[in-house]
Amino acid sequence: MSVMENIFAGALPKTKLGLFDKRRLYNEATEIIRKFGLDIDPLEPVGQLNIAHQQMVEIMKAYRRNSDIIAFDEPTAPLTEKEIKILFELILKLKEEGKVVIYVSHRLAEIFQVTDEIVVLKDGKFVKTLKTSETTEAELIKAMVGRDIGDTYANLKRNDNIGDVVLEVDKLSNLVLKDVSFKLRRGEILGFAGLVGAGRTEVARAIFGVDPITSGEIRLEGKPVSFKNPGEAIRAGIALAPEDRKYEGLVMFRSIKDNVVMPVIDTLNKGIFVDKNELTKLANKAVEKYSIKTPTIDKKTSELSGGNQQKVILGRWTNEKMVTKVLILDEPTKGIDVGAKAEIYQTVCDLARQGIAVIYISSELTEVINLADNIVVMRRGRVTGIVPREEATEEKVLALAMRD
Amino acid sequence: MRKESFYRKYIRPIITHKVFSLVIILLALVVLFSIWSAAQGKQFFKASTLRNILNSIVLTSFLTIGAGMLLIAGDMDLSQAAVGAFGGIVLAASIVYWKLPWFVGIIICLLLCGVLGAINAIMVTRYRFPSFIATLAMMSMAKGLMYIFSTIGKGSDVASNIAVNNPYLNFIGKGTIGPVPFGIIVMLVFFLVYGILLTKTKIGLKIMLMGGNKAAANLAGINSKKILFALFVNASVLAGVAGIFSTGRLGQGSLLALQTNQFSGLTAAILGGISFGGGSGGMGGAFVGLLILNTFQIGMGVVGVNPYWVNVFSGVILLIALATDFISRRRLRSV
Chain Y
1 MSVMENIFAG
11 ALPKTKLGLF
21 DKRRLYNEAT
31 EIIRKFGLDI
41 DPLEPVGQLN
51 IAHQQMVEIM
61 KAYRRNSDII
71 AFDEPTAPLT
81 EKEIKILFEL
91 ILKLKEEGKV
101 VIYVSHRLAE
111 IFQVTDEIVV
121 LKDGKFVKTL
131 KTSETTEAEL
141 IKAMVGRDIG
151 DTYANLKRND
161 NIGDVVLEVD
171 KLSNLVLKDV
181 SFKLRRGEIL
191 GFAGLVGAGR
201 TEVARAIFGV
211 DPITSGEIRL
221 EGKPVSFKNP
231 GEAIRAGIAL
241 APEDRKYEGL
251 VMFRSIKDNV
261 VMPVIDTLNK
271 GIFVDKNELT
281 KLANKAVEKY
291 SIKTPTIDKK
301 TSELSGGNQQ
311 KVILGRWTNE
321 KMVTKVLILD
331 EPTKGIDVGA
341 KAEIYQTVCD
351 LARQGIAVIY
361 ISSELTEVIN
371 LADNIVVMRR
381 GRVTGIVPRE
391 EATEEKVLAL
401 AMRD
Chain U
1 MRKESFYRKY
11 IRPIITHKVF
21 SLVIILLALV
31 VLFSIWSAAQ
41 GKQFFKASTL
51 RNILNSIVLT
61 SFLTIGAGML
71 LIAGDMDLSQ
81 AAVGAFGGIV
91 LAASIVYWKL
101 PWFVGIIICL
111 LLCGVLGAIN
121 AIMVTRYRFP
131 SFIATLAMMS
141 MAKGLMYIFS
151 TIGKGSDVAS
161 NIAVNNPYLN
171 FIGKGTIGPV
181 PFGIIVMLVF
191 FLVYGILLTK
201 TKIGLKIMLM
211 GGNKAAANLA
221 GINSKKILFA
231 LFVNASVLAG
241 VAGIFSTGRL
251 GQGSLLALQT
261 NQFSGLTAAI
271 LGGISFGGGS
281 GGMGGAFVGL
291 LILNTFQIGM
301 GVVGVNPYWV
311 NVFSGVILLI
321 ALATDFISRR
331 RLRSV
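Protein sequences, first through last, are from chains Y and U. Per the working numbering, residue 1 is the first one in the first sequence, and the count goes up by one each step. Per the working numbering, residue 1 is the first one in the second sequence, and the count goes up by one each step.
For reference, chain Y alone in the conformation it holds in the complex (with noise of 0.2 angstroms):
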């Protein structure tokens, strides 16, 4: 489709015939582009723009309608400088032209630049709504942040003795980390915090031998080890709890002791056949250990709560058959009533207890800097700073999570 194709969408001019008028198209397009001050050939495909110009498409696309309302949805991330102050340019006109814009980001000088008045939204709620004029950025910071930690942290029972580097990541990069480095100590939680996109999955993926590294060296206890597949991971002591327990952690539709086998059915010999004995047994052990409530270890998992599915994959990674040292938590609370999150922190205060190394990512601050030893901020794909608790405060981290 062509650039001004996707203008008109869904509202090309017609002739008198009824055929589409494709003069009258390019007449149209070419004068919104020129008011638009912009270099873009109407009939050229969008695809072969580049995204800013692609973007810019869109916004002439919701001009052309005459909306008086355009909303942007995190419009500045594929742009670069030059292409933000040109965007930016545009939404002034659009607002001398009388138009309402809302602007979403979370780049708060982008924010400072452009708006008039700020909407404060946190977990879903409407925290409160701000003169641009009239705040800072300091002041903003702390309404994002709210107040209302409540005394569940404060009642945990954590691991205080924290012992020799087992992890040490070293300048590790591919396609979206750039020198992610860090230690990770025996019986420490090590929080990681960012922004969605900061690539904290993508760091986990690449220590378990899911995406591949191309530079950047992982130790574990020293060794240099570099993993092809996550078996390799798993045999050297790593293992991960995905964020996207549906899809990535658990097979729905097979039962709690087949969810809870899966890394170590090799060890369950009985000749040529798996010893049902030992698995039946296995999967006991992680439903009493982990208080699972389910009136069957042949339960269906896509029948389990949330709560209790993360712990029957937190019961496959602990299992007697494991050698876990380090455990990678993929937001383990993501979609956890209140109640069951509690029981989470816990548990893996109690993990840590027992000596393994624990990585606990997650996007809610609270939690990051109240559970974790110490906490590794990223912004996109790079270490941005890493706090330990005594000094970490959601204002700080979010600080280093935007930092730019």
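A few of these clues could be false.
[To be verified] In the DSSO-like style, the derived pairs of lysine-lysine whose C-alpha atoms are separated by at most 30 angstroms in a straight line are: (1) U:K225 x Y:K228; (2) Y:K289 x U:K200; (3) Y:K300 x U:K200; (4) Y:K281 x U:K42.
Because the hints were derived from the structure by calculation, they are not lab data.
With chain Y fixed as given, assemble chain U onto it according to the hints.
Leaving out everything else, chain U in the frame of chain Y:
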């Protein structure tokens, strides 16, 4: 109390088992054709019909097992029938043209079929072609290779069927042990072995799990690529077995071997409750699925329905099987 526990222990597992409903359908078909043929003054339900039905599923059964194992792991192979026909020709050519002993011919046949299966596997697991496309290409390649192999050592480059009269092959194709045809025995053994493989062994458990969710299985350390590779090779080697039986039965390596079985292996597997989405079903279901399909076809023949219509109805049966599979999977997903 005792009575209830007896029911819970023995009866309920049977009637709630997926295969049970298939057996009911099979029995319903038998009753239907018995009454229908009786109304015409013929007899459907007799030993020779049973043997006919069992005999008719032997060739397809090997394709069904291969297709079923792949489907359970979440994949499929369209090239089976073509690979099997290729294998049948290789066997005949190695005995007739290359003057090799019959068992060497069988080994060469299975080996070459395995190689074609490995090519399927490499295209799918390494180069990530959709299996639909990779195996469709293999279907065409295997057909071409079949024509080529039928002329090697012949002294003419015109492809043709290869008549082969070897006592051992004749036994494989037409021999009996007691009253039971050899092919039926081999088929039953294969179903049993693969059934045990799937339900009792480590690789079987892994196949079920990776079919249920490949991404999760990979992240839990199950090497799904390796397993898939083995299953593609397995499907082709089993197709080779079907080719051997075909050559034995027909007394010739036929260029048209297994043509009518093109997709009946797949159909029977799906009919038998092996889901297109993978991760469910088993060999018992596949076996009964195969019986249903062939009982239907032979029964229609006995009552004298136009064979062209039998083809149409077979297609309808596949559609119904696919629709039920689709609906039950959607219901599961919404849980």
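Hint-by-hint comparison with the structure:
no.	hint	in the structure
1	U:K225 x Y:K228	holds, 13 angstroms
2	Y:K289 x U:K200	holds, 27 angstroms
3	Y:K300 x U:K200	holds, 19 angstroms
4	Y:K281 x U:K42	violated, 58 angstroms
Checked against the numbered hints given earlier, this structure breaks only hint 4.
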